[in-house]
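Q: Starting from the given sequences, assemble the full structure and let the hints guide the process.
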Amino acid sequence: MILNKILASFTFRFLTIYIIALSVGVFLLLASLYAWLSKGFLDDVHQSVDRELVALEAAWMDGGAEGFDRFVAEHNGPERLSRYFYIAVNADGEKITGTLEHIPPTRSYRDKWLAFTLEALTGEPEDSNHVFIARSTDLADGTRLLAARQYGDVINTAKLVSAALIRSMIVTIIMGLLGGVIFAGISVRRIGAINQQLHQIMSGNLSARVDSESQAGDYGHLTDNLNNMLDQIEKLMAGVRQVSDNIAHDLRTPLTRLRNNLTALQEDTDLNSRKERVNGLIEEADALLATFNSLLRIAQIETGNRRSEFEKLDLKQLLGDIVEMYEPLAADRNISFSASLSPVAPMCGDRNLLFQCFANLVDNAIKYTPEGGKIELRLAQYADVCQIDIADSGAGIPEAERDKVFERFYRVEAARSEHPGNGLGLSMVAAVLKQHGGEITLKDNRPGLRVVINLNLRSLEPA
Amino acid sequence: MRILLIEDDLKVADYIAKGLRESGYSVEHAADGKSGLVKATSEEYDAMIVDRMLPQVDGLTIIQTMRASGNDTPVLILSALGDVDDRVKGLKAGGDDYLVKPFAFAELLARIEVILRRQESNTTQTKLRIADLEMDLLAHKVTRADQVLNLQPREYKLLEYLMRHAGQVVTRTMLLENVWDYHFDPQTNVIDVHISRLRQKIDKGFERTLLTTVRGAGYKLDDT
Numbered sequence: 001m002i003l004n005k006i007l008a009s010f011t012f013r014f015l016t017i018y019i020i021a022l023s024v025g026v027f028l029l030l031a032s033l034y035a036w037l038s039k040g041f042l043d044d045v046h047q048s049v050d051r052e053l054v055a056l057e058a059a060w061m062d063g064g065a066e067g068f069d070r071f072v073a074e075h076n077g078p079e080r081l082s083r084y085f086y087i088a089v090n091a092d093g094e095k096i097t098g099t100l101e102h103i104p105p106t107r108s109y110r111d112k113w114l115a116f117t118l119e120a121l122t123g124e125p126e127d128s129n130h131v132f133i134a135r136s137t138d139l140a141d142g143t144r145l146l147a148a149r150q151y152g153d154v155i156n157t158a159k160l161v162s163a164a165l166i167r168s169m170i171v172t173i174i175m176g177l178l179g180g181v182i183f184a185g186i187s188v189r190r191i192g193a194i195n196q197q198l199h200q201i202m203s204g205n206l207s208a209r210v211d212s213e214s215q216a217g218d219y220g221h222l223t224d225n226l227n228n229m230l231d232q233i234e235k236l237m238a239g240v241r242q243v244s245d246n247i248a249h250d251l252r253t254p255l256t257r258l259r260n261n262l263t264a265l266q267e268d269t270d271l272n273s274r275k276e277r278v279n280g281l282i283e284e285a286d287a288l289l290a291t292f293n294s295l296l297r298i299a300q301i302e303t304g305n306r307r308s309e310f311e312k313l314d315l316k317q318l319l320g321d322i323v324e325m326y327e328p329l330a331a332d333r334n335i336s337f338s339a340s341l342s343p344v345a346p347m348c349g350d351r352n353l354l355f356q357c358f359a360n361l362v363d364n365a366i367k368y369t370p371e372g373g374k375i376e377l378r379l380a381q382y383a384d385v386c387q388i389d390i391a392d393s394g395a396g397i398p399e400a401e402r403d404k405v406f407e408r409f410y411r412v413e414a415a416r417s418e419h420p421g422n423g424l425g426l427s428m429v430a431a432v433l434k435q436h437g438g439e440i441t442l443k444d445n446r447p448g449l450r451v452v453i454n455l456n457l458r459s460l461e462p463a
Numbered sequence: 001m002r003i004l005l006i007e008d009d010l011k012v013a014d015y016i017a018k019g020l021r022e023s024g025y026s027v028e029h030a031a032d033g034k035s036g037l038v039k040a041t042s043e044e045y046d047a048m049i050v051d052r053m054l055p056q057v058d059g060l061t062i063i064q065t066m067r068a069s070g071n072d073t074p075v076l077i078l079s080a081l082g083d084v085d086d087r088v089k090g091l092k093a094g095g096d097d098y099l100v101k102p103f104a105f106a107e108l109l110a111r112i113e114v115i116l117r118r119q120e121s122n123t124t125q126t127k128l129r130i131a132d133l134e135m136d137l138l139a140h141k142v143t144r145a146d147q148v149l150n151l152q153p154r155e156y157k158l159l160e161y162l163m164r165h166a167g168q169v170v171t172r173t174m175l176l177e178n179v180w181d182y183h184f185d186p187q188t189n190v191i192d193v194h195i196s197r198l199r200q201k202i203d204k205g206f207e208r209t210l211l212t213t214v215r216g217a218g219y220k221l222d223d224t
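Protein sequences appear in the order of chains E and S.
Those letters in the first sequence? Residues 1 to 463, per the numbering used here, in order.
Those letters in the second sequence? Residues 1 to 224, per the numbering used here, in order.
Keep in mind that the hints were calculated from the coordinates and are not lab data.
Certain hints may be false.
[Claimed, not checked] Computed cross-link-like contacts, BS3-like style, restricted to lysine-lysine with a CA-CA straight-line distance of at most 25 Å:
1) E/K275 with S/K18
2) S/K89 with E/K312
3) E/K312 with S/K92
4) S/K157 with E/K316
5) E/K316 with E/K374
6) S/K204 with S/K220
7) E/K404 with E/K235
8) S/K220 with E/K275
9) S/K220 with S/K18
[Unchecked claim] Here are some chain S residues pointing at chain E (derived, C-beta under 8 Å):
10) W180
11) Y182
12) V190
13) V193
14) R197
A virtual CB, placed ideally from N, CA and C, is assigned to each residue, including glycine.
A: In structure tokens form, the structure reads like this:
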């Protein structure tokens with residue numbers, strides 16, 4: 001039910017609250033406007049009564065009752081006739097002259113202001129024309145002068161204004177509500193469409209996208225962002241698929257070999273050669289296990305926040321340990337392994353992983369360098385950057401493959417058959433360096449491979 | 001030697017128990033944390049193998065409870081998680097060693113033997129001796145048949161570790177952790193090269209070979 005959706009939608013709720021606030025605001029504004037207007041009207045009335053009384057007094061002083069009558073006659077134009085009334089009474093309260101019969105009973109308010117009502121003046125009882133504001137003045141001889149203005153017109157004007165204000169308030173609220181429903185309806189429909197498409201995408205069709213053509217403005221941005229996110233998810237999924245394809249492909253070979261060896265074992269009757277075969281099988285299985293462990297470790301390094309493992313370390317000493325560990329292996333293969341390590345500033349890192357990283361690189365260098373070749377390891381600091389160079393005189397890596405070698409299981413084709421390995425060593429290196437914010441570049445050493453690693457010391461500063 | 005095995009994965013438990021029995025240990029098995037804790041605190045064992053993730057009471061709690069009550073039976077922790085962090089937590093809780101699944105049985109056996117032996121030989125020694133090979137820990141001097149052997153510092157450390165665990169199988173990982181002090185996975189036979197260098201120095205020219213390679217497991221320094 002679309003109406004339920006509209007009523008439940010955030011936009012509608014937001015608009016309802018907005019309208020309530022708006023109504024209160026409009027009400028307060030109109031009320032103060034009304035108060036201000038009425039005060040202005042009343043002040044006008046007071047001022048005009050004051051003026052009339054002053055003029056009346058002057059006329060009285062000037063010409064007594066006749067002057068009074070003259071003034072009244074002059075001032076009571078047809079338009080003023082029904083508005084202003086005057087009376088003069090003597091000390092006993094008897095009328096001397098004027099347009100009122102007598103001084104009616106008055107209420108006084110605000111100092112010297114008088115108010116009174118005359119029922120019979122116009123003969124229209126519900127008319128507001130019989131309410132008056134008056135002011136009187138007592139002269140020295142006991143005569144009392146009174147000027148009155150009926151202010152029904154003012155009240156009428158005020159009533160008109162307030163009615164108009166109330167109406168406009170109602171219109172504001174109605175318009176706001178209508179607008180709210182319409183906007184909520186539009187947003188419910190648009191978001192509903194997006195949600196529906198997302199549902200379809202989530203239920204399997206990952207290559208579909210949210211229709212962004214029909215969405216403009218903010219909704220357009222939203223759908224664009226959703227689509228970008230979906231692109232990334234698809235890319236990641238493809239990556240995962242490729243990795244698992246690679247795993248399946250690269251593990252099939254050793255598993256097949258394992259299986260064939262087991263078959264051979266089944267048929268083998270000689271006890272000694274059986275034992276030999278079992279040992280071979282165990283080694284084969286161990287290698288498989290090692291591959292899985294490496295995979296898991298790389299995944300752990302890539303996903304986990306292992307910065308918590310970071311500790312202060314001396315890279316020079318760490319590389320020294322690498323040299324110490326791998327020098328005998330190189331010497332065994334008649335490869336000269338030389339190192340020139342300059343002291344560098346202390347840094348923060350995971351010493352075990354960094355050791356693994358450099359061990360993998362040196363191990364590769366030894367593996368791919370022919371007998372009689374040479375390997376050089378260099379450590380130097382340039383400003384904030386630690387540079388580690390591992391150069392060998394081996395076969396090197398063709399330029400086109402230099403990016404790919406960091407992918408899991410990728411192995412340079414020529415190396416595949418000649419050298420053992422699981423194709424995970426450099427993936428591990430890349431993962432460790434990424435975690436340490438380092439950069440790795442593979443260069444041509446003519447002949448051989450030169451691995452250049454830059455570690456930014458500023459981001460690895462010990463705490 | 002009685003060993004208590006607390007492990008909820010019955011296949012793994014069977015595999016370990018069978019292997020240990022074949023190696024001459026008597027094994028008791030508890031399949032969950034609670035019964036494991038009851039057994040560990042009510043009976044005497046020479047060593048324990050405790051899985052970290054257990055139903056009811058987890059492995060680290062068992063070890064902490066034991067240690068708190070003054071029970072210092074050596075414990076080997078098993079875990080599916082290989083994080084260094086986990087390893088530190090396990091050792092801090094009072095474990096003596098830590099082994100990550102999956103593992104080779106040889107590795108487990110070697111480590112069990114080491115923690116069992118650790119109990120006995122904790123006395124401060126000044127001299128280690130295997131047959132006619134002798135190491136003077138104070139003078140940092142190694143002799144075989146009174147002939148002084150010239151060892152590099154790392155070779156000395158390697159030999160010291162092997163001598164301290166004489167007669168036991170020492171795995172490559174154990175050597176990496178204890179002699180080189182790095183937890184890492186060497187891609188190649190880098191340890192073998194160090195061992196063969198050491199062997200050159202201590203065994204070459206002598207009739208009896210002391211340092212042998214145990215296939216599929218590691219190395220052993222022995223006088224038999």
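Q: A separate judgement is required for each hint: does it hold in the structure or not?
A: Now for the hints, and whether the structure bears them out:
no. : hint               : verdict
1   : E/K275 with S/K18  : 20 Å, holds
2   : S/K89 with E/K312  : 20 Å, holds
3   : E/K312 with S/K92  : 21 Å, holds
4   : S/K157 with E/K316 : 21 Å, holds
5   : E/K316 with E/K374 : 21 Å, holds
6   : S/K204 with S/K220 : 16 Å, holds
7   : E/K404 with E/K235 : 17 Å, holds
8   : S/K220 with E/K275 : 21 Å, holds
9   : S/K220 with S/K18  : 23 Å, holds
10  : W180               : 6 Å, holds
11  : Y182               : 5 Å, holds
12  : V190               : 5 Å, holds
13  : V193               : 5 Å, holds
14  : R197               : 6 Å, holds
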